[in-house]
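Residue strings, one per chain:
There are 2 protein chains.
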Amino acid sequence: MITTLKFTVLLLALGFCRGLLDNYIDEEETEALDAQASKFGSLWPLPQKVQISEVSFKLTGSSFKIVDAKESSAGPSCSLLQDAYRRYYEYMFGSTKKLGLSKSRRTGTSELTELQVWITSPDSECDGYPSVTSDESYELSVDLPFAVLKAPKVWGALHGLETFSQLVYEDEYGAKSVNATTISDFPRFAHRGILLDSSRHFLPIKVILANLETMAMNKFNVFHWHIVDDQSFPYLSRTFPQLSQQGAYHPYTHVYTPADVKMVIEFARLRGIRVIPEFDTPGHTQSWGKGQTDLLTPCYSGSKPSGTFGPVNPILNTTYDFMNQFFKEISTVFPDAYVHLGGDEVDFTCWKSNPDIQQFMEQHGFGQDYSKLESFYIQRLLDIVTTTNKGYMIWQEVFDNGVKLKPDTVVHVWIGGGSNEEMEKVTAAGYTTILSAPWYLDLISYAQDWQKYYKVEPLNFNGYQTLLSTPWYLNRISYGQDWHGYYKADPQDFKGTEEQKKLVIGGEACLWGEYVDATNLTPRLWPRASAVAERLWSAKEVTDISDAFNRLSMHRCRMVERGIPAEPLFSSYCPREYKGI
Amino acid sequence: MITTLKFTVLLLALGFCRGLLDNYIDEEETEALDAQASKFGSLWPLPQKVQISEVSFKLTGSSFKIVDAKESSAGPSCSLLQDAYRRYYEYMFGSTKKLGLSKSRRTGTSELTELQVWITSPDSECDGYPSVTSDESYELSVDLPFAVLKAPKVWGALHGLETFSQLVYEDEYGAKSVNATTISDFPRFAHRGILLDSSRHFLPIKVILANLETMAMNKFNVFHWHIVDDQSFPYLSRTFPQLSQQGAYHPYTHVYTPADVKMVIEFARLRGIRVIPEFDTPGHTQSWGKGQTDLLTPCYSGSKPSGTFGPVNPILNTTYDFMNQFFKEISTVFPDAYVHLGGDEVDFTCWKSNPDIQQFMEQHGFGQDYSKLESFYIQRLLDIVTTTNKGYMIWQEVFDNGVKLKPDTVVHVWIGGGSNEEMEKVTAAGYTTILSAPWYLDLISYAQDWQKYYKVEPLNFNGYQTLLSTPWYLNRISYGQDWHGYYKADPQDFKGTEEQKKLVIGGEACLWGEYVDATNLTPRLWPRASAVAERLWSAKEVTDISDAFNRLSMHRCRMVERGIPAEPLFSSYCPREYKGI
Chain A
1 MITTLKFTVL LLALGFCRGL LDNYIDEEET EALDAQASKF GSLWPLPQKV QISEVSFKLT
61 GSSFKIVDAK ESSAGPSCSL LQDAYRRYYE YMFGSTKKLG LSKSRRTGTS ELTELQVWIT
121 SPDSECDGYP SVTSDESYEL SVDLPFAVLK APKVWGALHG LETFSQLVYE DEYGAKSVNA
181 TTISDFPRFA HRGILLDSSR HFLPIKVILA NLETMAMNKF NVFHWHIVDD QSFPYLSRTF
241 PQLSQQGAYH PYTHVYTPAD VKMVIEFARL RGIRVIPEFD TPGHTQSWGK GQTDLLTPCY
301 SGSKPSGTFG PVNPILNTTY DFMNQFFKEI STVFPDAYVH LGGDEVDFTC WKSNPDIQQF
361 MEQHGFGQDY SKLESFYIQR LLDIVTTTNK GYMIWQEVFD NGVKLKPDTV VHVWIGGGSN
421 EEMEKVTAAG YTTILSAPWY LDLISYAQDW QKYYKVEPLN FNGYQTLLST PWYLNRISYG
481 QDWHGYYKAD PQDFKGTEEQ KKLVIGGEAC LWGEYVDATN LTPRLWPRAS AVAERLWSAK
541 EVTDISDAFN RLSMHRCRMV ERGIPAEPLF SSYCPREYKG I
Chain B
582 MITTLKFTVL LLALGFCRGL LDNYIDEEET EALDAQASKF GSLWPLPQKV QISEVSFKLT
642 GSSFKIVDAK ESSAGPSCSL LQDAYRRYYE YMFGSTKKLG LSKSRRTGTS ELTELQVWIT
702 SPDSECDGYP SVTSDESYEL SVDLPFAVLK APKVWGALHG LETFSQLVYE DEYGAKSVNA
762 TTISDFPRFA HRGILLDSSR HFLPIKVILA NLETMAMNKF NVFHWHIVDD QSFPYLSRTF
822 PQLSQQGAYH PYTHVYTPAD VKMVIEFARL RGIRVIPEFD TPGHTQSWGK GQTDLLTPCY
882 SGSKPSGTFG PVNPILNTTY DFMNQFFKEI STVFPDAYVH LGGDEVDFTC WKSNPDIQQF
942 MEQHGFGQDY SKLESFYIQR LLDIVTTTNK GYMIWQEVFD NGVKLKPDTV VHVWIGGGSN
1002 EEMEKVTAAG YTTILSAPWY LDLISYAQDW QKYYKVEPLN FNGYQTLLST PWYLNRISYG
1062 QDWHGYYKAD PQDFKGTEEQ KKLVIGGEAC LWGEYVDATN LTPRLWPRAS AVAERLWSAK
1122 EVTDISDAFN RLSMHRCRMV ERGIPAEPLF SSYCPREYKG I
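Residue numbers (this note's numbering), protein chains in the order written: chain A, 1 to 581; chain B, 582 to 1162.
So that you can see chain A by itself, here it is in the shape it has in the complex (with noise of 0.2 Å):
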């Protein structure tokens, strides 16, 4: 499909023609999108700077090697490297060994035989975990007599790799070719993540780790794993084996033991992603309560305990005994430096009827104001989860109620879906922040939502690219106050600083677990997920919604190709469709 490349240099100052006109998506224009090959072929996302010429080489599985540079600071013993050559090498010819051997035969053309991989670093961090400061860049320049990946760490070189397969195509004839091409190339945001939710429904770890392959596929870096929640406790701690025991679905079939865990860290690893899990409280934690007597509040009616429990106790010692050793043992069992404390929708109904907790907040002066004994456990919990040298994560709420924060906290903007007001005055506060309001994909709807998602721009007043008359439409009625979106819309961009827009360190696309198992997760997550994938690495002009459509169709296919079911964009084909029902 990629067929005549003009050489030139195309530093991406795209979109904008088109862009301006887009902004309101109704299913008109999304059916008039039609797939045409784009100038950058089937890249996903789109590198910063490309140039593609067009010279093009002949690659044959029979002679085309990955190899470390002589100058590397990675050699074979670095697996990370040497297992991502050998996944790479079965994308661009796994399927099709024999036919490109026969085809490339019978071309005169020139072959490219060799992908050298250069780390230039002295520390290659071949046996590190990723981290938010990694350095994920890398350089990629496919010629003759060898095509060279130059990165500073593993974590770009994974990339590059990335980024050269899809350079790979097929010719005419079915023969694997690739074009003589220039990249360089960095992540536009440093956190680049997606939130699978296990505790509703449960995800069998293939599952999870046929995401994290495609995850890969689409640069993403955090692996934010919403592990447990009301529904259950499939987490199993050594340190209270009693939570996953009474709080699974099922205490054998339905659980993460340590090797599952252990597992999907390093599968994790091995592709550049970190896996921050989360621990959800006060609230959230229904499932808890199985296992952990006297964690959760009792609930009164009228005089008398009725029998259902709600948030997390938070007036007992023994609450806060068990926080210390439950987080301990996270602290041990996750790598990563940031662990995700939750703290969101906080039911009060429950702490308000209960009287113990009535007189608790008279001794301590709190007044109705709930807010101030959800603060009280939060400020308590961060306390000690600093104790076990653990950076957090928290839900916007612990913000907002003014809890205090270690400077390096990262505030979730979860709430308000296409305003980032939240997101001023976070960075205002100066805590760093990362964006997912506007990317709850659990929220389906008809046609090409993907276009929703990639719309939105982080540091823009409303969340997306372009102002107009967007959010005052105001035939658009629908039921409720609606005068209320209008009053709060600003017709400034994001007031921030420049200092502050630093402050915004990316997004998570959030796939929340009501409706989603094994069965429908990775078709409903993928290629709707790879819209935020972009948003979040390539540049903010990367806006022309045509040529990602042009580019994500074949990004698409390339991931039906292998082996993900990825739903279409629209009606199409995939020369080589899904294998599976």
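Possibly wrong hints are sitting among the right ones.
Unchecked claim - If you want the footprint, here are the derived chain B segments under chain A, 3+ residues with CB under 8 Å:
| no. | stretch |
| --- | --- |
| 1 | 778-786 |
| 2 | 1004-1012 |
| 3 | 1087-1100 |
Unchecked claim - Quick list of in silico lysine-lysine cross-link-like pairs, DSSO-like style, CA-CA up to 30 Å:
| no. | chain 1 | residue 1 | chain 2 | residue 2 |
| --- | --- | --- | --- | --- |
| 4 | A | K70 | A | K49 |
| 5 | B | K787 | B | K843 |
| 6 | B | K1160 | A | K262 |
| 7 | B | K1033 | A | K452 |
| 8 | A | K579 | B | K787 |
| 9 | A | K262 | A | K304 |
| 10 | A | K290 | B | K1033 |
Stated by the list, open to error - Chain B stretches covered by chain A per the calculated footprint, using a threshold of three residues with CB under 8 Å from any CB of chain A:
| no. | stretch |
| --- | --- |
| 11 | 929-942 |
| 12 | 1103-1113 |
Simulated from the structure, these hints should not be mistaken for lab results. As the structure is a computational prediction, the values presented were derived from the model and not from experiment. Backbone N, C-alpha and C fix where the C-beta goes; we use that ideal spot for every residue, glycine too.
Place chain B on chain A using the hints.
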């Protein structure tokens, strides 16, 4: 999950207690549902009459047999039944054969060792094809010394085998069990279909077969194969091979060969499913034009052909010669008594632009009424198809335009979502009709939309089960002239006579192909289509959403266990989760 079942005659006068309150679906309501054991276990769709006793028997894979009753008119030579016995044995014992054996030895309970299948009519129809008049009834008695399934024809026996398999459950030790049960069952509607669209995306045969398999689990009996459309022409015609050669997405990998079609038809027949192909004309035919010169109308831009084409050209004799040959082939390839001829959404723009068409309109005195030209075409097409001895189904526009139809025509109602005013008109004119308007399953939305499909009542004024004030919640404002909706709503039930109601022979759930292919079709269809299955099979009074939720939750896990990625209804788990990704 089925534990203490009371012995009571349950004539299914359920539902109105809850049904009356549940007419409007909102998120809170759907979230409130929590799966409980139903007194009907996991039966889906619910049989017409069910008596389940507390007495339970064990079944073991090593000794249980499904056999022909001595008196049966179908013997070992009826491969349809022999295949079905194997299939249901596999469903019941396949995954846990050895486990079942050892467990049952331990228990002291009586063992049921045989299900006898007795075809009572002299002609079992074993080697025939199902039709709209097929007898699908059956009676099932589960008791010692053996269970008996009686059915006049093999079609009822197939349904009875499915029902029997649904009665089998695992006791608390994992042993297969079944309770003494008496069932008498038959479908409420004769036509219970699923429309799949293999044009907008090509559907690999594997996907079609898996969905036929799942249709049988839900007692659907019509596969409406929307096989070609604008986007592609995957049907390989023996007479006109260039149609798929030019019109398919790919002439080898994205076509249905005669052998493929034969396989689909036989696979369906073995499960009591009719295959009705749709060859939609004169609109929706862009892909036909690629392989058949002069078939489509050349569009004009001013006085010159623009190079684009519109609907089938209705003014050329060659068009009718082509259709004659084409539908002669179709009539032999597809054994069903009906073929679907489409006839929907004809865009007149191109016809209007063409001077030859204009002249033809004038000659025939059609004035500017292009629907007359459309009817002229369709009328000739219907006459052609009539000569092939086939009946036809058509989309409602053909009826609306006043085309003269054969008395046995099935008018397919798809416009108007909640209202079936149209069905009143169609039946008043004496035609049979089927309903799809409220069952466009491609139009996805967040949360439990299966409830919306479930609450449709094909014989009521607005398609829904209960009246109340649903159509007149004026506070629920929406964009556009919504007073139209309020004005059209009619406080009366469907005003047809009993005779008219008999002409409503069923309905179809439609999954149009814009956004589905092999990657996501199956989980998107199931269990949402299961809601339609029960509506079309079970008694009108079966409307208890809460009981439906309980049974459907278990039915969906059963589909998962049988290898079908049926998506979850809500936060929950299946004892054996889906093994794929």
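Each hint, compared with the structure:
1. With 4 residues bearing a CB less than 8 Å from a CB of chain A, the stretch 778-786 of chain B meets the requirement of three and the coverage assertion stands.
2. Counting residues of the stretch 1004-1012 of chain B whose beta carbon lies closer than 8 Å to any beta carbon of chain A gives 0, which falls short of the minimum of three for the stated coverage.
3. Counting residues of the stretch 1087-1100 of chain B whose C-beta sits closer than 8 Å to any C-beta of chain A gives 7, which meets the bar of three, so the coverage hint holds.
4. A hinted pair counts as satisfied when its Cα atoms are at most 30 Å apart, and K70 of chain A with K49 of chain A qualifies at roughly 26 Å.
5. Simply put, K787 of chain B and K843 of chain B have alpha-carbon atoms about 14 Å apart, close enough for the 30 Å limit, and the pair holds.
6. Under the criterion of a C-alpha separation no larger than 30 Å, the hint pairing K1160 of chain B with K262 of chain A is consistent with the structure, at around 21 Å.
7. This hinted pair checks out: K1033 of chain B and K452 of chain A have alpha carbons roughly 26 Å apart, not beyond 30 Å.
8. For the hint pairing K579 of chain A with K787 of chain B, the CA-to-CA distance comes to about 8 Å; that is within 30 Å, so the pair holds.
9. Among the hinted pairs, K262 of chain A with K304 of chain A is inconsistent with the structure: their alpha-carbon atoms are about 44 Å apart, more than 30 Å.
10. Restraint check: the Cα-Cα separation between K290 of chain A and K1033 of chain B comes to about 35 Å, which exceeds 30 Å; the hinted pair is violated.
11. Closer than 8 Å: that is the beta-carbon criterion, and the stretch 929-942 of chain B has 0 residues meeting it against chain A, so the requirement of 3 is violated.
12. Check on the stretch 1103-1113 of chain B: 3 of its residues sit with their Cβ under 8 Å from a Cβ of chain A, so the three-residue criterion for coverage holds.
In summary, the structure is inconsistent with hints 2, 9, 10, 11 from the numbered list given earlier, while agreeing with the others.
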